[in-house]
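S.K.: Letter by letter, the chains look like this.
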Amino acid sequence: MNEPQDKVQDSGRRGFIGAAAAAGAGLGVAALAPGLHLIEVAGATSATARAAGEPAPSTVRWGMLIDTAKCASGCDACVQACNTENGIVETVKDARQGSQWIRKIDLKDPKNGRTHSLPMMCQHCENPPCVDVCPTGASMKRADGIVLVDRHICIGCRYCMMACPYKARSFVHQPLDTQNPEVPRGIGCVESCTFCVQRVDKGMQPACVEACPEGAMLFGDLNDPNSGIAQRIAREATTQVRADLKLNVGVRYQGI
Amino acid sequence: MKLLRISVAALFAALLAVPALAGAPKPVIKIESPGQCIAPAEEMRRNHMEMLKHQRDRTMRHGIRGEKASLNECINCHASKATGSVLGKDGFCQECHSYAAVKLDCWDCHQPKAGFKATGAKP
Amino acid sequence: MQLAQNPRAEERNFYLLAVLGGLVTVIGLAAALYMEHAGHVVTGMNNQVVWGMPHVFAIFLIVAASGVLNVASIGSVFGKVVYKSRAPLSGLLALAMLAAGLAIIMLDLGRADRLIVAMTHFNPTSMFGWNVILYPGFFAIVGIYLWTLMDRKMNPYYKPAGLAAFIWRLLLTTGTGSIFGFLVARQAYQSAVIAPMFIIMSFAWGLAVFMIVQKAMYAWNDMTLHPQIRSRMKNLLGTFVAAVFYFVMVYHLTNLYFAKQTAFEQFILLSGGIFPLLFWGGYVVLGTLVPLLLIYVPNLASLRGSVFFAAALVILGAFCLLFVFIIGGQVFPLEIFPGMEVSSSFFDGKIDSYAPTLPEILLGLGGIGIAFTATAVGVRVLKFLPQDDIAKLESAGHMLD
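Chains as they are written, first to last, in the working numbering: chain H, 1 to 256; chain P, 1001 to 1123; chain G, 2001 to 2401.
Any given hint might turn out to be false.
[Stated by the list, open to error] Derived pair list, reagent style BS3-like, types lysine-lysine, alpha-carbon separation capped at 30 Å:
hint	chain 1	residue 1	chain 2	residue 2
1	P	Lys1068	H	Lys202
2	H	Lys202	P	Lys1081
3	P	Lys1117	H	Lys141
4	P	Lys1030	H	Lys93
5	H	Lys202	P	Lys1113
6	H	Lys111	G	Lys2260
7	G	Lys2383	G	Lys2084
8	H	Lys93	G	Lys2350
9	G	Lys2260	H	Lys246
10	P	Lys1068	H	Lys93
11	P	Lys1068	H	Lys141
12	G	Lys2350	H	Lys246
13	P	Lys1030	P	Lys1068
14	H	Lys202	P	Lys1117
15	H	Lys108	G	Lys2260
16	G	Lys2084	H	Lys108
17	P	Lys1053	H	Lys202
18	G	Lys2350	H	Lys111
Just so you know, the hints here were simulated from the structure itself, not pulled from any lab data.
Make a model of the complete structure from these sequences and hints.
M.R.: In structure tokens, the structure reads:
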């Protein structure tokens, strides 16, 4: 109806919340680095590559915080970045058979018309149903909380896809030849967001987080009380999607 | 476990021996990049699959990076200069595996081309 | 044993049937090979409907396999003498159908070449994983049970073997039902009633399959089933069919009562196009009401072929019900954000459509081919034909016990 007006209000609110959040985060680490952007704050607490030969530490739990107030409907920078990083190329005719590790969802509350836009991907549950149901143990949770599919022993039964409450998993329906050398993917196996494990292990951010033009995605260690993400979750209201399932997800949302 | 390994090795030897007896041409193994592999050729021929299997579980399941054995490093050294791949005719992996009639299971998922850059765009 | 009039024609017919069954099996295997090679892109399955037509066939076969063994259990465990002579055929059918169902599931895997991985890696929290143990156990126990039934030396042990087989088959069907019952994410599943519902379904479907096979074998051998035995079996079928209906009603009524499930029930029972049609027309009318009428209305029950027809309709209804349960349960979108209208590039919030392709259907039929061929060959080489010594049964009062 009066969409233009809505948009103006929306971006105004978004800008305000963004600034407030940045200020808040700045306060949290003010003694260290006042005025830093969120993303750099997060980087400062997580960006150390693990030494060769060392396993993923069980003291760490990787997580992500997504501020939906900053996430614009129609923007899919995170999706594009994910596809490039992980070599996901759409080659099937029926899009329902293609892989989507991350997707943008538009929400509308029918009661009051309020809308949100947000990226949805594997929520990296602490108690992942996919890991519970996998017959071979191919669905697994790494010590640092990242949920992965071990394609060496995935038999392609798709039981995990039946079990996932977030529709986060895709089944590779056709032969592939465009894999990133660091991101193996292949026919007949199930796959999903890995938090860009190949980057995280080098001390980098997931590709989507890095690509978000609004800085709406924050990545870090939920277990480290000094990390940007842990501090914001301690201070601000955040939501777990399908919290009723008590999966204790690693991806948290704000503003929904 | 040891018995299993011995019998697999024996089977493998037998597989190698059968075409040899039948007079099938031996595979031509081209080493295009000079330098030293991570272990002597004899050991690599016999044990590369064990090394890779061991490494794959350590890296995949435990997140251990920078292992001595690495499939990507195999490709980087051994991909054909002409095709850029370890597969295809004269491909380093395929040449020998075709000869030995052992199925290659790596390349359904792993990228067989050295230095391949994924773009996420339609080819 | 009353042999067929013309042994040579009989032999020729047997080979004809075996070749036919083998052909269907080979076509099914070829379809599986094609799916394996090209990927599941050649099927109608997708990231929302991850299990399709092969699973409808496979789950029917697996559920009916454990149910068909009930005929034997009624004889061995519950001491009904009339059913004892039917135990060997019941065991054979159970093995053949379970093998066929498992073959379909295995051939539909994304990586069917990794069967050995499925056998050597076990995740104790996975219902699928438990089923991987339950299935071979079923083969072993039913195999031993058959041995005790058919080898005179082993005969003294048939009762404990029958009891073990009965308990194991209850576990197995519980396991099959729990594959769905333990799924928290999808609205159609996650219900404790599913496991017992699957058990009672197996009673009905297994008995229906048994009665059809028995009828075919009797016709083959120019024999007729004693009307009293026929009447007992048909009444039992009627009881089971009614019990399945009761469980299906309870399942849907509880769902209707929960506000969060009403949208799903509305879809499955009313607005969902093919699904309400298959549910009401296929399962309720053709698969339940008509068979019950054929069984219990005296004028209809006395018609020639009424029992055979009722059993065939029960099987048709079973396929309709499974299609609604498995496919309908998946096309309905996941409620990721309850109460919100959602849209995305991944079809969130949209009701999916599923159209099975030829390879999937051929794979399913190939499974039926496996069960058929295995049964035909088994019946031919060993003595599985149920034979009743009516005089003896009558004098001992077993016809009606």
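S.K.: Is Lys1117 of chain P within 30 Å of Lys141 of chain H, Cα to Cα?
M.R.: holds (28 Å)
S.K.: For a C-alpha distance cap of 30 Å, please report whether Lys2260 of chain G and Lys246 of chain H respect it.
M.R.: holds (18 Å)
S.K.: Hey, Lys1068 of chain P versus Lys202 of chain H, does the alpha-carbon distance stay inside 30 Å?
M.R.: holds (17 Å)
S.K.: For Lys111 of chain H and Lys2260 of chain G, compute the direct alpha-carbon distance and say whether it is at most 30 Å.
M.R.: holds (16 Å)
S.K.: Quick one, are Lys108 of chain H and Lys2260 of chain G close enough, alpha carbons at most 30 Å?
M.R.: With a Cα-Cα distance of about 18 Å, the restraint between Lys108 of chain H and Lys2260 of chain G holds, given a limit of 30 Å.
S.K.: Taken at face value, is the distance from the CA of Lys1113 of chain P to the CA of Lys202 of chain H at most 30 Å?
M.R.: Holds. Lys202 of chain H to Lys1113 of chain P sits at ~22 Å (cutoff 30 Å).
S.K.: Given the hinted pair Lys1030 of chain P and Lys93 of chain H, is their alpha-carbon gap at most 30 Å?
M.R.: With a Cα-Cα distance of about 40 Å, the restraint between Lys1030 of chain P and Lys93 of chain H is violated, given a limit of 30 Å.
S.K.: CA of Lys202 of chain H to CA of Lys1081 of chain P, is that 30 Å or under?
M.R.: holds (29 Å)
S.K.: Would you mind confirming whether the straight-line C-alpha gap from Lys1068 of chain P to Lys93 of chain H stays at or under 30 Å?
M.R.: violated (41 Å)
S.K.: Decide if the proposed pair is consistent with the structure: Lys2350 of chain G and Lys246 of chain H, CA atoms, cutoff 30 Å inclusive.
M.R.: holds (25 Å)
S.K.: Please verify whether Lys202 of chain H and Lys1117 of chain P have alpha carbons no more than 30 Å apart.
M.R.: holds (18 Å)
S.K.: Would the hint linking Lys1030 of chain P and Lys1068 of chain P be met if the CA-CA limit is 30 Å?
M.R.: holds (22 Å)
In this structure, the hints that do not hold are numbers 4, 10 and 16, in rising order.
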